[in-house]
Every structure is written in C-alpha cells, then in structure tokens.
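J.: Take these sequences, add in the hints, and give me the full structure.
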Amino acid sequence: MSADREPEGPGRTVEMRRVRRRFGFFRALDGIDLDAFPGETLLLLGPNGAGKTTLLRVIAGLLPATDGTLTVLGGSPRGDGGGVRRRIGFLSHNLALYPDLTAAENLRFFERLYRLTRDRARVPSLLEEVGLGRWADQPVRVFSRGMKQRLALARVFLHEPDLFLLDEPFTGLDQESAGALAERLHRRRDQGASVLLATHRLDAAGPLGDRALYLRQGRVNREISLGGLGADEKVARLRGLSEGDHR
Amino acid sequence: MNALTRIGAIFAKDVLVELRTRQALLSMTIFSLLTVLLLAFAFEPAAEESVLIGPGLLWIAFAFCGTIGLEHTLSLEREMGGMEALLLAPMDRGIIYLAKLAANTFFMFLAELLTLPFFVLFFNVNILPVLPDLLLLNLVGTIGFCSVGTLLVALTSQTRLKGVILPVLLFPVIVPLLLAAVEGTGAILRGEPAGTPLRILVAFDVIFATTAFLTFGYALEE
Numbered sequence: 001m002s003a004d005r006e007p008e009g010p011g012r013t014v015e016m017r018r019v020r021r022r023f024g025f026f027r028a029l030d031g032i033d034l035d036a037f038p039g040e041t042l043l044l045l046g047p048n049g050a051g052k053t054t055l056l057r058v059i060a061g062l063l064p065a066t067d068g069t070l071t072v073l074g075g076s077p078r079g080d081g082g083g084v085r086r087r088i089g090f091l092s093h094n095l096a097l098y099p100d101l102t103a104a105e106n107l108r109f110f111e112r113l114y115r116l117t118r119d120r121a122r123v124p125s126l127l128e129e130v131g132l133g134r135w136a137d138q139p140v141r142v143f144s145r146g147m148k149q150r151l152a153l154a155r156v157f158l159h160e161p162d163l164f165l166l167d168e169p170f171t172g173l174d175q176e177s178a179g180a181l182a183e184r185l186h187r188r189r190d191q192g193a194s195v196l197l198a199t200h201r202l203d204a205a206g207p208l209g210d211r212a213l214y215l216r217q218g219r220v221n222r223e224i225s226l227g228g229l230g231a232d233e234k235v236a237r238l239r240g241l242s243e244g245d246h247r
Numbered sequence: 001m002n003a004l005t006r007i008g009a010i011f012a013k014d015v016l017v018e019l020r021t022r023q024a025l026l027s028m029t030i031f032s033l034l035t036v037l038l039l040a041f042a043f044e045p046a047a048e049e050s051v052l053i054g055p056g057l058l059w060i061a062f063a064f065c066g067t068i069g070l071e072h073t074l075s076l077e078r079e080m081g082g083m084e085a086l087l088l089a090p091m092d093r094g095i096i097y098l099a100k101l102a103a104n105t106f107f108m109f110l111a112e113l114l115t116l117p118f119f120v121l122f123f124n125v126n127i128l129p130v131l132p133d134l135l136l137l138n139l140v141g142t143i144g145f146c147s148v149g150t151l152l153v154a155l156t157s158q159t160r161l162k163g164v165i166l167p168v169l170l171f172p173v174i175v176p177l178l179l180a181a182v183e184g185t186g187a188i189l190r191g192e193p194a195g196t197p198l199r200i201l202v203a204f205d206v207i208f209a210t211t212a213f214l215t216f217g218y219a220l221e222e
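Order-wise, the sequence lines are chains A and B.
The first sequence begins at 1 in our numbering and counts up by one.
The second sequence begins at 1 in our numbering and counts up by one.
Mixed in with the good hints, there may be bad ones.
Stated by the list, open to error - Computed footprint of chain B on chain A; a stretch qualifies when at least three of its residues, placed anywhere within it, have a C-beta under 8 angstroms from a C-beta of chain B:
| hint | region |
| --- | --- |
| 1 | 60–68 |
| 2 | 89–100 |
| 3 | 106–116 |
FYI, nobody ran anything at the bench for these hints, they're computed from the structure.
A virtual CB, placed ideally from N, CA and C, is assigned to each residue, including glycine.
T.: Shown next, in the form of structure tokens:
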C-alpha cells in the first residue's frame, strides 16, 4: 500500500497483503498491507502494542500469519530450506546471544551456522567496527546493555543481508554508537539493501527514513513519504505523526 | 555436509557453554547419584537381588537425571533469545533438533557413565565383564529417551508449568523404552544376550527420532 511507489513491478523485498495475526482473541495485526523496496528505509512507528514487533517477526518467518499473503525476497521466510532467511538480518529485543560465550565466539558460531566462507579477519574487523575489539575475548555475560546491543548488531551485519528487520536497534546505544549504526545502515541501503526499522527513537532513526508507516491497533494508520526532506524536517514530520500517542 | 557442519556447530557450542558453566552435567550427575544412593539404602539389596531390581532402579535414576538435562539445553537457548537466532538461520529446523538430540544424549550418557561406578559400589554388581554390552544398551536407550525428550521439552518450553508438564508428558511415552531398557540391562547383568530388548530400543529410536525430526519446527512455534 505504498503511497509514493508504483504498485506493480518487480523488486519488492517485502510484499504483504491483508496479513492478520491473532494471539487468542487479540488481533496483533489486523489486515496489514505493506511493500518494501530495495534501497529503502521504512520506519515503523506507533505506540506500544501497535503491532510493530509482531509485524517484524511475521516478516522474518518467526511467526506464521493467521491470514493473508506474504512474500519476502521473492519467497517465503518459512520455507525453501532457509534460502530467504539467509538474506534476512533480524534484530529483536532478545538480542540472540550466548552470554557464556565470548563476543568473538558468538560471531564465529553464527559464521558457521550461515556457512560463511572462512575469513579470519571478518570477526575481528566487525568487532572493531562496533567498538568491541578489545572485548573480543570477554564473555558476553559481563557486557553492559549497550555493548550487548552492539554485538547483536554485529551479528545482524555478519552475513551481509539484503533485508534488515530491526526492532529498536538504538536501544542502549550511546551517541557515538548510534551515529555509527546510522552510518552503516545508510551505506547498506545505498548498496541496495532494504531496511525495516521499528523504533520510538525518532531523533536517531528519523533521519534514516525514506518512508514511515504509523501503526495503531494492528493496522496501518498513516503512511508518509520522507523523500527529499532534510534530517531535521524528517524528525519534525515524524514527531507530528506520533503526537497524541499517549493521549 | 552442510547439515553436519551446522549440527556440529550447535553441538560444539552447547558443549563449550557446558564446559564453562558446568551446570547441566553437575546437576544431572549429582541427582543421578543421589537417586542411586537413596534407592540402595531403601532396598539394601543383596548381590543376587541387585541383578533383579538393580536395572529398574538404575533406569529410574537415569530417567530423572535425563529430565533435568533436557530442560537445561533448551533454557540455554531461551536465556537471551538464542533459539530465535537458530530459527532464523538458513537451515531446516530439523537440524536444530538433531543438534540438540546429540547434545542431550552426550550429557546424559556422560552422567550415566559417572553414575555406573556408584551403582557397582552400592548394589554390589560386577559389570566389568559385560561393560561393552551394557554401554551399548545404555547408549541406545539414552538416544531413545532424548529423541522423545528433546521434542517434548521444545513443546512444553513455552508453557508456564514446563517443569511439571515435561515429566507428565515424557514418562508415559517412554514406558516401552524403559521396559526394554530394564529388560535388556537385566539380561546383560545375568550374562545373557539382550537381543530383543536392544532391537526394540533401536526401533524406538528410529521411530521417535524420525517423527521428532519432522515435527520439531512446529513444536517451536509461538
């Protein structure tokens, strides 16, 4: 249901039609239509319980949709032996790390799971990039929340996905780390990756957005284009969109 | 080959975590030893009685210690959302099952190996002449136990009373396995071949491991 894009044509990374997801009687997603395109950052906004996390989990294939159709990267994230999942980078609140392994061991484990070609430099350089180089051999259990978040982001970038599904990626990050993350996401988007980012941090995520969907009670309440706007203008428009969340 | 690499990666990760924390193996072994000890004191069997009741008591201890181990390997994945990352990895979800089955079997079998000397000591049974046969039967029985348990622990892991529900579901299903394992262990301790019980155990392993492999992905659904 993209307002500013051609509705037909190839190249959608996500194509979602009338998708519903219920938990018992609760409708977490209630007939969502969504398109995401390569080289685009789509912001998912909305109050707590609006369905942002559920939406990302359905797209990632972690939750089956109760109803509707979903195509991700031309296939199904829940089938085809994981070919689609191979191209998805998903970050959730859970972080998906092993606290008793070191930072480097965590990344090497995922390197093996994704059958990435052995490159001894990849893990150290990735850890350096997220500012954890000197913590590479420390167990994750001793990390602060922000350090865990940075390591989880390194895991997401490890296999260079084409579709990023990021749920509150700026949580716990200091100014510098948030800036570095924004820069990396910009770079990947410019290389053709698609980014779906659920957030409440409009100051950090706002400037990244090309489009924004405002969710409320499991539905797309509003959709706006941010193309051509400067960073401050984007944030201002998004703040306007979110006003009244808690009223 | 890809599948084996991934199974190896998950298995190696579980073993590494266990080496660091020593939570599962320690608690399983202590629990198993205490069970053997308590049953030995409760029954005070003579040597000839031990051959009769020992196999049953031994497998009760193994079943209890195995249940503890099953819960541990999955709680490891739940702690910081590791299971989510496994589910997102580009592989068939049955691979997660096979890796967890391997890890559960490995830890349970190790706990059994550590328990056996105490069984010999307290039940006054000489297992040395039949040790290879006994270990083979134990291994096959343990694979069967874990093939069912790994699936059921995944099914129950998202319920509130998982610690209670797991044994309630698991023990009735493994009755045929326990009967065959006890029968086979008894035969081996008497110096007889354990042919039929062993064949039943192998059949149990194949049937349940295959079924669980095919259904494990659904068991992990929210």
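J.: For every hint, state whether the structure bears it out.
T.: Here is how each hint holds up against the structure:
1. Look at the region 60–68 of chain A against chain B: 5 of its residues bring a Cβ nearer than 8 angstroms to a Cβ of that chain, three or more, so the hint holds.
2. With 10 residues carrying a beta carbon less than 8 angstroms from a beta carbon of chain B, the region 89–100 of chain A meets the three-residue requirement, and the given coverage holds.
3. Here's how the region 106–116 of chain A fares: 6 of its residues keep a CB closer than 8 angstroms to some CB of chain B, so the rule of at least three is met and the hint holds.
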